[in-house]
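Build the full structure now, drawing on both the sequences and the hints.
Quick mapping for you: the protein sequence lines, in order, are chains R and A.
The end of the first sequence is residue 321 by UniProt numbering, with every number in the run present.
The end of the second sequence is residue 441 by UniProt numbering, with every number in the run present.
To be clear, the hints were calculated from the coordinates, so they are not data collected in a lab.
Note that this is a predicted model, so its numbers are computed, not measured.
Note that CB positions come from ideal geometry on N, CA and C, so glycine has one too.
Since no wrong hints were added, every one of them can be taken at face value.
Pair by pair, the computed Cβ-Cβ distance ranges are:
(1) A:D271 with R:D243: 50 to 56 Å
(2) R:K55 with A:A73: 46 to 52 Å
(3) R:T161 with A:A73: 26 to 32 Å
A few chain R positions that, by computed beta-carbon distances, are all more than 10 Å from chain A:
(4) S40
(5) K99
(6) D112
(7) W152
(8) L180
(9) L288
(10) G289
Read off the chains here:
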Amino acid sequence: MLRKSAFLFAVAAAVLLPAAPAAAQEPATKPAKESAANSSPLVSTEWLEKNLDAKNLRIVEVSVEPGVFERGHIPNAQNVAWHTDLVETVSRDIASPDKFTALARRLGVDRDTTVVLYGDNNNWFAAWGAWVFAQYGLTDNVKLLDGGRKKWEAEKRPLDTRTAEVPASTFTAQAPSGKLRARFADVLAVAKKERDEQILDIRSPDEFSGKIIAPAGIQELAIRAGHIPGSVNIPWAKAVNPDGTLKSKEELKALYAAAGIDGSKPIITSCRIGERSSHSWFVLSRILGYDARNYDGSWTEYGNAVGVPVVNLAGTVWGGK
Amino acid sequence: MKWQANRHLRRSDALAEPVGSLGIAAKPARHLSRASLVPALAPSPAGPAPGTVARGKPLRAALASLVAAGLAAAAWRLSGGAGGTRLALSLVFGALFGLVLQRSRFCFYCQWRDFLVSGDPRGMLGILAALAVGVAGYAVVLGAWMPDPSGTRLPPDAHIAPVGPVLALAGLAFGAGMAISGSCISAHLYRLGEGSPTAPFALLGTGLGFVLGFLTWNPLYLASLSEAPVLWLPRHLGYAGSLALSLALLAALAWPLLRRLPAPEPRHAADPLHAVFVARWPVWFGGLAVGALGTLSYLRIGPLGVTAEIGGRSRQAAGAFGILPERLEGLDTFRGCATALRDAVLTPNGLFIGGLVLASFAAALVAGQFRPAVPSRGQVFRGLAGGVLLGWGAMTGLGCSVGTLLSGIMAGAVSGWVFGVAMFAGAAGTLWAGRRLGALA
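Below is the structure:
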């Protein structure tokens, strides 16, 4: 009898004890942690797991693959479909102020809300989301989960399939700021050396040299191969560690400095359609604090334009030789 | 009837692999009664002749255990890698699906033929049971994933296809292919595990049919598919309305079938091991299992489907031979058993199919139903010809009897119903014509 009750006590203790210190800790540690997060544009998976229920925090998943969110997401996360929610679906543009207002309200995001974005594919589209949010003035309060979905899953942290219910916000978007977005005319001016800026092309070396126009299996193409004159090529993946986290600030600084990008001149990031380049935009702008803009027209705009200067190292003609 | 049954035994492998007890080849005489068309449901002797049972049984059981252990080891290994959970789970679900199909002989064409030719409705009731369970299961999952179905969005990767004449044509072709080759694609897969002489040719034909489908895709897309509406019942009726309508339709279909049930057979106190591993499972039980598997698979990986891998690999091969159209208009934007090009060696659907075939092989071994045979010329021809129709129908209909019909209806897609009606009509018409011409049994 005694043994049985002792056993039951042990079981109860084992179940209850781990929860107790966490509950005791919570009020004391939370503000400190939140302020730690405030200073950085990245949050760690560890920090996020401890702050899942923080009141002023919204977690948003922006993944490419459909069904990934629904089959299990970070608890309390909400879903954003990048190709319908964050863009205009008919014209090629970022979501209009009205559309973005509706989205931000649905997500319960306001100017003082901490937003953590994450997604599959090394946070490509989460970074793209951060770029769109930033144009509507949601910049410093929007953070990326370092390592994204990949790291969260690799660390076997919990996933949830239920829908988070958050109170809607009253956010109203103004016209988007043009300071973070490079347009065709800006890029052309740099290509013609009328303006002293740097273009960072983050596509693969074969796309950059003009050997291929787009990666295999991609249908959205350009008519010409090559790159914008004066741009330098650092594929986006070089900024990432094998576990999906971004490299340290020092490593990133050295990586870009080796190609002559040190923040002394304004930078324009570019790729094929402007989403992978927002990953590098995030690194340059938010982590290194450089003056960087993303050129979302990218090669599918520039490589289709008539009469613009192009560098085609491979000498490709109509996709062949 | 006697003549038919005998003829059937010789000429078709749709039902011609009679499920005798413990691998004793069934004697034709046993196949004369209606009940024995579904042999495991027929009164089987409580214990088969001991001499024949014992022969080779330990060896077969050992081999089957080895296959099962191999599958488990493969799943365990896969689950270790990055993103491996999905792969491992696909293999496990595929194996379970193969086990259920083999044990209950869950075959769309055989059930339909049983009903048409010998008036036995139990198989069709099994299919309806699968749909009813799946419809309810999907409603639970979808309600959580998309609390509001009324917008313009569709639930993630549910098989909801455009509804139009092309879909009906695909269903008819698929049905004809089932009748000619003896079964649908999923059943050919589990029969591959049983050593069926027709299945390899039917699957080869399916691959060719897919290539044919790619070649006819662009004109069909531009003429009709691009304008065809993608109809999803919950968007218009809500989840409750869609569930009620689907269940009501299933009940309406079940009602006339239930009135034709054969007289109940005396129950036999069977040995449980025998009931699970040797005797045929009742089809309704297989149906419940398929419905549950469909729901679980949708929750964790994706809707059940067996043609994504076949289609993807055919597309890859056709591309390598340079016979694929430069661009398949709009194809990759549709839901269904997407035939996206494969860039990985191991894909979830590939593992699903591998698991299906191997588990069916193991189950057939234990039950004594693994009976490889040298294919006859007729089997080769019917397999290839029927397979081409199956492949063309599955490519054009964006899935087969499992992907478009089962997973579609479960998700509340109108396309599932349309494909289903066309498929059963195509099979019935072809069977009728074939029997008149003496070409089909």
